[in-house]
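**Q** This is what each chain is made of:
Protein chains: 2
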Amino acid sequence: MEKHSIYEPFGVDLDLVQGILREPDNHLIRKASSMKGHYADAKALDDLIHQGDPLHYEVFEKEVPQAYGHLMFGISKLQPGTVNGECFMTKGHYHAIPETAEVYLCLCGKGYMLMKTTEGECRAEYMERGRIVYVPPYWAHRSVNVGSEPLTTLFIYPADAGHNYGDIEQEGFPKRIYLRHGKVEIV
Amino acid sequence: MEKHSIYEPFGVDLDLVQGILREPDNHLIRKASSMKGHYADAKALDDLIHQGDPLHYEVFEKEVPQAYGHLMFGISKLQPGTVNGECFMTKGHYHAIPETAEVYLCLCGKGYMLMKTTEGECRAEYMERGRIVYVPPYWAHRSVNVGSEPLTTLFIYPADAGHNYGDIEQEGFPKRIYLRHGKVEIV
Chain R
1 MEKHSIYEPF
11 GVDLDLVQGI
21 LREPDNHLIR
31 KASSMKGHYA
41 DAKALDDLIH
51 QGDPLHYEVF
61 EKEVPQAYGH
71 LMFGISKLQP
81 GTVNGECFMT
91 KGHYHAIPET
101 AEVYLCLCGK
111 GYMLMKTTEG
121 ECRAEYMERG
131 RIVYVPPYWA
141 HRSVNVGSEP
151 LTTLFIYPAD
161 AGHNYGDIEQ
171 EGFPKRIYLR
181 HGKVEIV
Chain S
1 MEKHSIYEPF
11 GVDLDLVQGI
21 LREPDNHLIR
31 KASSMKGHYA
41 DAKALDDLIH
51 QGDPLHYEVF
61 EKEVPQAYGH
71 LMFGISKLQP
81 GTVNGECFMT
91 KGHYHAIPET
101 AEVYLCLCGK
111 GYMLMKTTEG
121 ECRAEYMERG
131 RIVYVPPYWA
141 HRSVNVGSEP
151 LTTLFIYPAD
161 AGHNYGDIEQ
171 EGFPKRIYLR
181 HGKVEIV
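For the record, the sequence lines run as chains R and S. The opening residue of the first sequence carries number 1 in full-length UniProt numbering; numbering runs sequentially from there. The opening residue of the second sequence carries number 1 in full-length UniProt numbering; numbering runs sequentially from there.
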């Protein structure tokens, strides 16, 4: 009689230079059209969508049970670019179980992890190759690419955490990150 | 009125080539003398201890609350060497909350993650630079260095998981890993 179901260990290769996860189980694609409502200049985003709706970001994950105790991990790859100066970013989310943290290890590119609490606190933590960012429980988080190449990060979070995108769609973040004349502005 | 305590985000630098975590909060050192009872040849280990009790492995961690939802992360650095042919290894442990997983990313060296369940299942997952090993819930795990340089891994696990070393001290692992005439033997 088994007390609990046993999940098999596994290994997977990660190209640490290019940030490529070999043989991901899930591949999520977000184009510019997925980002409506997130940028300050809605018209500029519409123009971008009409000009071919370019790839915005991708998530590559290994599949594990979305259950307490398991850890989800994968690669987030965010393209460089701006929407009328506002740097390309991910939608951002709270965890559905808000008291769960997430660890990010940046492998390529330059950017920020933008974080906020429901109480209105906001932090921007710089990311470049080799930088680990700790997103503690209760902090919504979004990646922002301020560089000229994809911003690629390895993420790990509790597999039962879930994603709450809706609150961010309503609230937005208190700060936006722009690239103007080659200079980063967090405003 | 705050609903819950808010923990501040932070970043930390990891040298991805050498596997060095900058400014760790905790530094655990295990010498050969910490490993009594773990190797097949107790006399050979005693000899090693009397010959200067060399460094066996180190753990460098960032400090986060050991509470549900947080994630502990750090670097494990295991020296190369053998005890009469049996490769240097870590003590190995179950998690005190056994239904918690752990993710390892190998940065340097060559070795195995040796894993076992209380039911007697045993797996050895190869590790080298860029290899991620998923240690699912309920699997005890130990690193084994089969190379000629330190085996260095980044680990991430639920911060409330805790460590249960005692059961491994009693049970050991069903398999041992030897290096004989330059060849790895898992027996």
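No wet-lab data here; the hints were simulated from the structure. A few of these clues could be false.
Where chains are identical, the list cannot tell them apart; a pair therefore holds if satisfied intra-copy or between any two copies.
Computed list of lysine-lysine pairs in DSS-like fashion (alpha-carbon distance at most 30 Å, straight line) [what the hints assert, rightly or not]:
(1) LYS62 / LYS43
(2) LYS183 / LYS91
(3) LYS110 / LYS183
(4) LYS36 / LYS175
(5) LYS110 / LYS36
(6) LYS62 / LYS91
(7) LYS110 / LYS62
(8) LYS175 / LYS43
(9) LYS36 / LYS62
(10) LYS31 / LYS43
**Q** Against this structure, judge whether each hint is valid.
**A** Structure-based check of each hint:
When the C-alpha separation of LYS62 and LYS43 is checked against a cutoff of 30 Å, the pair qualifies neither within a copy, at 36 Å, nor between copies, at 44 Å. In this homomeric assembly, LYS183 and LYS91 come within 30 Å of each other (Cα to Cα) only inside a single copy, at 23 Å, whereas the closest approach across copies is 50 Å. When the C-alpha separation of LYS110 and LYS183 is checked against a cutoff of 30 Å, the pair qualifies only within one copy, where the shortest distance is 13 Å, while the shortest distance between copies is 42 Å. Proximity of LYS36 to LYS175 under the C-alpha cut-off of 30 Å is restricted to the intra-copy arrangement: shortest distance 17 Å within a copy versus 55 Å between copies.
Only within a single protomer do LYS110 and LYS36 lie at most 30 Å apart by alpha-carbon distance; the minimum there is 24 Å, versus 46 Å between protomers. With identical chains, the CA atoms of LYS62 and LYS91 are at most 30 Å apart both within one copy (21 Å) and between copies (28 Å). In this assembly of identical chains, LYS110 and LYS62 lie within 30 Å of each other by CA distance both inside one copy and across copies; the values are 24 Å within and 23 Å between. Taking the closest pair of Cα atoms, LYS175 and LYS43 come within 30 Å of each other only inside a single copy of the chain (20 Å); across copies the shortest separation is 63 Å, beyond that limit.
Taking the shortest alpha-carbon separations for LYS36 and LYS62, only the intra-copy value of 28 Å comes in at or below 30 Å, while the best inter-copy value is 38 Å. In this homomeric assembly, LYS31 and LYS43 come within 30 Å of each other (Cα to Cα) only inside a single copy, at 16 Å, whereas the closest approach across copies is 63 Å.
In summary, the structure is inconsistent with hint 1 from the numbered list given earlier, while agreeing with all the others.
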